[in-house]
Amino acid sequence: MHLTKFLYPTGNYIISNDAKSILSGPGILEHLDKIITTKIIGCENNEIHDSIICNSNGRILDQLKIYILDNEAIIINNSINGSEIRSQLVKGIPWNKKINVIDGDDAIISYRVVGTNITKILDFIRIDIKELRGNLWKEYGNMIISMTSGTGYEILEMLVPIEEKNSMEHIMKECNILKSTIENWDIMRIELGIVDYLDINNSIPFDVKLNHLVKLNKGCYPGQEIHARLESRGKINNTLVRLRANSNHNKNKFRIIDGGKIKIKSSYKFNEMVISLGIIPKKYENMTSIETVENIKFLVEKLD
Amino acid sequence: MGLLDGSGFSLPVFEEVEIVKVKINVTDSAIDAMKKSMEDDYDTHVLVISAEAGGCSGYLYDMKITENPNDEDFQRIDVNGIGILIHNKDSSLLNGIELDYKDTLMGGGFQIKNPTAERECGCGQSFG
Chain A
1 MHLTKFLYPT GNYIISNDAK SILSGPGILE HLDKIITTKI IGCENNEIHD SIICNSNGRI
61 LDQLKIYILD NEAIIINNSI NGSEIRSQLV KGIPWNKKIN VIDGDDAIIS YRVVGTNITK
121 ILDFIRIDIK ELRGNLWKEY GNMIISMTSG TGYEILEMLV PIEEKNSMEH IMKECNILKS
181 TIENWDIMRI ELGIVDYLDI NNSIPFDVKL NHLVKLNKGC YPGQEIHARL ESRGKINNTL
241 VRLRANSNHN KNKFRIIDGG KIKIKSSYKF NEMVISLGII PKKYENMTSI ETVENIKFLV
301 EKLD
Chain B
1 MGLLDGSGFS LPVFEEVEIV KVKINVTDSA IDAMKKSMED DYDTHVLVIS AEAGGCSGYL
61 YDMKITENPN DEDFQRIDVN GIGILIHNKD SSLLNGIELD YKDTLMGGGF QIKNPTAERE
121 CGCGQSFG
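Note that the protein sequences, when read in sequence, are chains A and B. For the first sequence, the working numbering assigns the number 1 to the initial residue and increments by one for each residue that follows. For the second sequence, the working numbering assigns the number 1 to the initial residue and increments by one for each residue that follows.
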């Protein structure tokens, strides 16, 4: 799949519908560390920390991107869950800790830039791309810039004060980067294998390729007992893959002829094909195709 | 940080909790163990029992012997001259607990049984 057909030559940006929360006060990393699945204690100012937050049944509530500042952290997660995650953060604050959680949804805009020449915008604002590698964020004026990389892609993430929306959009225009839609972003992320809230919500992290965000040696967090049991007993039975079907289906559950189920999590339609991210039994992950009782053949593409 | 100096931010998020009048049960062995731990500091020090985020089930018990914070957000329960404090924000989570002490090498020490917990972790330190 050539993504360029969806992209303006230089790049596209979307305004992501993320929730933005600010955690402030001494001891915020210790507080977060007890709630999330990864070890954040020891991370330093200017780092970005990816993590997940689960319920006590080990199922994902949301994926978090945490920007670490001195005594503050900006937490980015899906907008559907903004209030729920803020509530989780507030609930267990110890009586002797002065930690505040603030809703920044109406104060910060989150821009995501993807394209073939995103360095153009970095050249414009005079930031060397090397400064953004290694999970670091960089300040430019009043905005925070970071980069997410994967196999074959680099995406710029920009957090901008709401007052500077117009100047941000002026920079985009100067750099020939056009505004795109959430639908176009969905196409790109499905093709690139970038998971979204729709793909992971209420799933076990091991089933949706988020094993790297579960650290069983960091101590307890909600869901840890379940994760440890699944891991130690080898009960990781499912995995997330990209599926292509030459059928205009609109179902989200299929039964595999050889046993097991396909759960479609997100998809888009293109030229009579439906391209999806879906959960299948792990034993089919290396197969080229699987056929279903509903008479649909899915081509299977393993995600990195 | 300029990003956080702009407008549109909310006031700190406040989670409304139900405040209940706390009753707890303390076993004789726990009273003896607390007396040993507090030595002669009964007048100035108290035992604070609290619930914090974390643990496998969502909340962790925490116990601290500390100088009396003299904070009216705490409820005080006197047990044989020892002051036990529970913060109002934790009152509905900790109401009805039984504080026990087990003098064993494995799994010994202070233990909390919580009849209102919907689930508890195997190690007994976390509940939800």
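Derived from the structure by calculation, the hints contain no laboratory data. These numbers come from a predicted model, not from an experiment. Some clues are possibly wrong.
Claimed, not checked - Each computed DSSO-like pair below joins lysine-lysine, with the alpha-carbon atoms no more than 30 Å apart:
1) A:Lys215 with A:Lys179
2) A:Lys65 with A:Lys297
3) A:Lys97 with B:Lys23
4) A:Lys218 with B:Lys23
5) A:Lys97 with B:Lys21
6) B:Lys64 with A:Lys91
7) A:Lys98 with B:Lys23
8) B:Lys35 with A:Lys218
9) A:Lys98 with B:Lys64
10) B:Lys113 with A:Lys215
11) A:Lys282 with A:Lys98
12) A:Lys39 with B:Lys36
13) A:Lys39 with A:Lys297
14) A:Lys98 with B:Lys102
15) B:Lys23 with A:Lys91
16) A:Lys215 with B:Lys64
17) A:Lys65 with A:Lys302
18) B:Lys23 with B:Lys35
19) B:Lys23 with A:Lys302
20) B:Lys23 with A:Lys165
21) A:Lys138 with A:Lys39
22) A:Lys97 with B:Lys64
23) A:Lys251 with A:Lys265
24) B:Lys113 with A:Lys91
25) A:Lys215 with A:Lys283
26) B:Lys36 with B:Lys113
27) A:Lys218 with B:Lys102
28) A:Lys97 with B:Lys36
29) A:Lys39 with A:Lys173
30) A:Lys65 with B:Lys21
31) B:Lys35 with B:Lys64
32) B:Lys21 with A:Lys98
33) A:Lys253 with A:Lys282
34) A:Lys265 with A:Lys297
Going through the hints against the structure:
Restraint check for A:Lys215 and A:Lys179: not satisfied, since their Cα atoms lie roughly 37 Å apart, outside the 30 Å limit. Annotation: proposed proximity of A:Lys65 to A:Lys297 is violated, straight-line Cα distance about 36 Å (limit 30 Å). Proximity of A:Lys97 to B:Lys23 is assessed by CA-CA distance (about 25 Å); at most 30 Å being required, the pair is judged to hold. Taking the CA atoms of A:Lys218 and B:Lys23, the gap is about 35 Å. The hint is violated against a cut of 30 Å.
A distance of roughly 23 Å separates the Cα atoms of A:Lys97 and B:Lys21; the hinted pair therefore holds under the 30 Å criterion. Among the hinted pairs, B:Lys64 with A:Lys91 is consistent with the structure: their alpha-carbon atoms are about 20 Å apart, no more than 30 Å. With a C-alpha separation of about 27 Å, the suggested pairing of A:Lys98 with B:Lys23 holds against the 30 Å cut-off. Our distance criterion of 30 Å between C-alpha atoms is broken by B:Lys35 and A:Lys218, whose separation comes to about 34 Å.
Only pairs whose Cα atoms come within 30 Å are accepted, and A:Lys98 paired with B:Lys64 is accepted, the gap being roughly 17 Å. This hinted pair checks out: B:Lys113 and A:Lys215 have alpha carbons roughly 29 Å apart, not beyond 30 Å. The suggested pairing of A:Lys282 with A:Lys98 is violated, with an alpha-carbon distance near 45 Å, which exceeds 30 Å. Distance check on the hinted pair: A:Lys39 and B:Lys36 sit about 36 Å apart at the alpha-carbon level, beyond 30 Å; violated.
For the given pair, A:Lys39 sits about 41 Å from A:Lys297 by alpha-carbon distance, which is inconsistent with the 30 Å threshold. Our distance criterion of 30 Å between C-alpha atoms is broken by A:Lys98 and B:Lys102, whose separation comes to about 34 Å. Restraint check for B:Lys23 and A:Lys91: satisfied, since their Cα atoms lie roughly 22 Å apart, inside the 30 Å limit. At most 30 Å may separate the alpha-carbon atoms for a hinted pair to count; A:Lys215 and B:Lys64 meet this at roughly 28 Å.
Between the alpha carbons of A:Lys65 and A:Lys302 the distance comes to roughly 25 Å, so the proposed pair stays at or under 30 Å and holds. With a C-alpha separation of about 20 Å, the suggested pair B:Lys23 and B:Lys35 falls inside the 30 Å cut-off, and the hint holds. Restraint check: the Cα-Cα separation between B:Lys23 and A:Lys302 comes to about 56 Å, which exceeds 30 Å; the hinted pair is violated. A hinted pair counts as satisfied when its Cα atoms are at most 30 Å apart, and B:Lys23 with A:Lys165 does not qualify at roughly 54 Å.
Annotation: proposed proximity of A:Lys138 to A:Lys39 holds, straight-line Cα distance about 22 Å (limit 30 Å). With a CA separation close to 14 Å, the supplied pair A:Lys97 and B:Lys64 stays within the 30 Å bound. Distance restraint check for A:Lys251 and A:Lys265: the Cα-Cα separation of roughly 10 Å lies within the 30 Å cut-off, and the hinted pair is therefore satisfied. Restraint check: the Cα-Cα separation between B:Lys113 and A:Lys91 comes to about 21 Å, which is no more than 30 Å; the hinted pair holds.
Only pairs whose Cα atoms come within 30 Å are accepted, and A:Lys215 paired with A:Lys283 is accepted, the gap being roughly 24 Å. With a C-alpha separation of about 22 Å, the suggested pair B:Lys36 and B:Lys113 falls inside the 30 Å cut-off, and the hint holds. Only pairs whose Cα atoms come within 30 Å are accepted, and A:Lys218 paired with B:Lys102 is accepted, the gap being roughly 27 Å. Between A:Lys97 and B:Lys36 the alpha-carbon distance is near 28 Å, which keeps this suggested pair within the 30 Å criterion.
Distance restraint check for A:Lys39 and A:Lys173: the Cα-Cα separation of roughly 39 Å exceeds the 30 Å cut-off, and the hinted pair is therefore not satisfied. Proximity of A:Lys65 to B:Lys21 is assessed by CA-CA distance (about 39 Å); at most 30 Å being required, the pair is judged violated. Between B:Lys35 and B:Lys64 the alpha-carbon distance is near 14 Å, which keeps this suggested pair within the 30 Å criterion. Distance check on the hinted pair: B:Lys21 and A:Lys98 sit about 25 Å apart at the alpha-carbon level, within 30 Å; holds.
In summary, the hint linking A:Lys253 to A:Lys282 is supported, as the alpha carbons are separated by about 16 Å, within the 30 Å threshold. Between A:Lys265 and A:Lys297 the alpha-carbon distance is near 17 Å, which keeps this suggested pair within the 30 Å criterion.
Taken one by one, the earlier hints fail for this structure at numbers 1, 2, 4, 8, 11, 12, 13, 14, 19, 20, 29, 30, listed in ascending order.
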